[in-house]
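*Asks:* Chain B: place on chain A using the hints.
Chains A and B, in that order, give the protein sequences. Those letters in the first sequence? Residues 1 to 216, by the working numbering. Those letters in the second sequence? Residues 1 to 216, by the working numbering.
Fair warning: there could be bad hints in the mix.
[To be verified] With a cut-off of at most 25 Å between alpha-carbon atoms, the simulated DSS-like pairs for lysine-lysine come out as follows:
#1 B:K78 - B:K35
#2 A:K214 - B:K145
#3 A:K145 - A:K207
#4 B:K214 - A:K207
#5 B:K78 - A:K214
#6 A:K209 - A:K23
#7 A:K209 - B:K214
#8 B:K145 - B:K209
#9 A:K214 - B:K209
#10 A:K145 - A:K214
#11 B:K214 - A:K214
#12 A:K35 - A:K23
#13 B:K145 - B:K207
#14 A:K145 - B:K214
#15 B:K78 - B:K209
#16 A:K145 - A:K209
Don't read these hints as lab results, they were simulated from the structure.
Number of protein chains: 2
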Amino acid sequence: MKIGIVGGTGDIGEGMALRLSPKYDVIVGSREEIKAVATCDTCRETLEVQGMQCSLVGTSNQHAVDEADVVVLAIPFKHVTPTLQTLTGFEEKIVVSPVNPIERTAYFYYAPPPEGSAAMMIKGMLPESATVCAAFNNIAANKWKQLDEELDYSVAVCCDDDGAKRTVMDIVNSVSGLRAYDAGPLASASVVESVTPLLLNIARFNKLKDVGVKFV
Amino acid sequence: MKIGIVGGTGDIGEGMALRLSPKYDVIVGSREEIKAVATCDTCRETLEVQGMQCSLVGTSNQHAVDEADVVVLAIPFKHVTPTLQTLTGFEEKIVVSPVNPIERTAYFYYAPPPEGSAAMMIKGMLPESATVCAAFNNIAANKWKQLDEELDYSVAVCCDDDGAKRTVMDIVNSVSGLRAYDAGPLASASVVESVTPLLLNIARFNKLKDVGVKFV
Numbered sequence: 001m002k003i004g005i006v007g008g009t010g011d012i013g014e015g016m017a018l019r020l021s022p023k024y025d026v027i028v029g030s031r032e033e034i035k036a037v038a039t040c041d042t043c044r045e046t047l048e049v050q051g052m053q054c055s056l057v058g059t060s061n062q063h064a065v066d067e068a069d070v071v072v073l074a075i076p077f078k079h080v081t082p083t084l085q086t087l088t089g090f091e092e093k094i095v096v097s098p099v100n101p102i103e104r105t106a107y108f109y110y111a112p113p114p115e116g117s118a119a120m121m122i123k124g125m126l127p128e129s130a131t132v133c134a135a136f137n138n139i140a141a142n143k144w145k146q147l148d149e150e151l152d153y154s155v156a157v158c159c160d161d162d163g164a165k166r167t168v169m170d171i172v173n174s175v176s177g178l179r180a181y182d183a184g185p186l187a188s189a190s191v192v193e194s195v196t197p198l199l200l201n202i203a204r205f206n207k208l209k210d211v212g213v214k215f216v
Numbered sequence: 001m002k003i004g005i006v007g008g009t010g011d012i013g014e015g016m017a018l019r020l021s022p023k024y025d026v027i028v029g030s031r032e033e034i035k036a037v038a039t040c041d042t043c044r045e046t047l048e049v050q051g052m053q054c055s056l057v058g059t060s061n062q063h064a065v066d067e068a069d070v071v072v073l074a075i076p077f078k079h080v081t082p083t084l085q086t087l088t089g090f091e092e093k094i095v096v097s098p099v100n101p102i103e104r105t106a107y108f109y110y111a112p113p114p115e116g117s118a119a120m121m122i123k124g125m126l127p128e129s130a131t132v133c134a135a136f137n138n139i140a141a142n143k144w145k146q147l148d149e150e151l152d153y154s155v156a157v158c159c160d161d162d163g164a165k166r167t168v169m170d171i172v173n174s175v176s177g178l179r180a181y182d183a184g185p186l187a188s189a190s191v192v193e194s195v196t197p198l199l200l201n202i203a204r205f206n207k208l209k210d211v212g213v214k215f216v
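Just chain A, same shape as in the assembly:
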């Protein structure tokens, strides 16, 4: 299976490429193809040092969409609309949203769009035959890249299609330490996304770093 990462040169994108490319064919997309190629070179070296093989290709965001079965939108919420407006070809794809609409004053808070969540907004911007899944929303960006640390977290997955949900849960469970949980339909993604500002507040007010979540 081919996983395309839109925004694959950001922190989360690069970390996901590192964690997923030993098991899947990963296509790292970027607005600047040269950056994506460089990110893949870095990832390949990092993995080789660890004695791991990988399948990684750096390309444009559009090619990452075109080539992939599963597309991950590893971009900040404010970039979602402008980025999706430049991309086509999402028909029949599974689209994974780890996107969280968050604002910050003296504390972090959840600031969803009128659709109720980033995931529901994204669904509305894509063709009907695309299947959107919310997943990976609550994992700190820094943690993705620290390959020597297991990601010992729970991951809530929301999706309206059982097959696509199972595919994404399998991808989650392929990452050592992560455990996927079915969190219901896509309409319930708001309560998944809103965990992230809570974790940022927990980190901030308790002087912690990169706080994650486990369902127990």
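*Replies:* Chain B in isolation, oriented as in the chain A frame:
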């Protein structure tokens, strides 16, 4: 310190009485005083079997408010407004809200009042000198009463007053297994309350029971 529990004969209220009365003076309130007395008798017997001493008094909700330094509103969201309309005397008290405004269709979702959260709504209904803290929002009611099980969970606490927040965090940490985290001001309680419908969805869609949360 005296802790009054409004709605102390419900599942959460009774469980909190069991867990807190060995360490604090607990005043169990109910609309029907006779029920509160019966709940206290049951709790006392349960604790005596375990060889534990306790300080428990059953009374009316109004007396539980009047006598307490810290008042816990252990009532469902839909009962908050009618209950608070019948009670007075919250001046200078610390008021703890474990209340979550939740609705259910095919899944559970967060349905906050116009104030943004149950905690902020409660703040608006009480005198200015009362200090509202959100705490204990994400612990399953059933778990409170299972004294043989440690409550191995994280508890996010939101409050605008540092002293009251510290008091409530100390109460949280007095319960074996619970760990309190400062989750910021009361305005950030919405992202704490909205974890509960997520946990209910996780339980429901993964055939689990009484799912809780840990920040890691």
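*Asks:* Next step is simple, just say for each hint if it's right about the structure.
*Replies:* Outcome of the hint check:
no.: 1; hint: B:K78 - B:K35; verdict: holds, 21 Å
no.: 2; hint: A:K214 - B:K145; verdict: holds, 22 Å
no.: 3; hint: A:K145 - A:K207; verdict: holds, 21 Å
no.: 4; hint: B:K214 - A:K207; verdict: holds, 17 Å
no.: 5; hint: B:K78 - A:K214; verdict: violated, 29 Å
no.: 6; hint: A:K209 - A:K23; verdict: violated, 28 Å
no.: 7; hint: A:K209 - B:K214; verdict: holds, 15 Å
no.: 8; hint: B:K145 - B:K209; verdict: holds, 14 Å
no.: 9; hint: A:K214 - B:K209; verdict: holds, 15 Å
no.: 10; hint: A:K145 - A:K214; verdict: holds, 19 Å
no.: 11; hint: B:K214 - A:K214; verdict: holds, 5 Å
no.: 12; hint: A:K35 - A:K23; verdict: holds, 23 Å
no.: 13; hint: B:K145 - B:K207; verdict: holds, 21 Å
no.: 14; hint: A:K145 - B:K214; verdict: holds, 22 Å
no.: 15; hint: B:K78 - B:K209; verdict: holds, 24 Å
no.: 16; hint: A:K145 - A:K209; verdict: holds, 14 Å
Hints 5, 6 from the list above are not met by this structure, while the remaining hints are.
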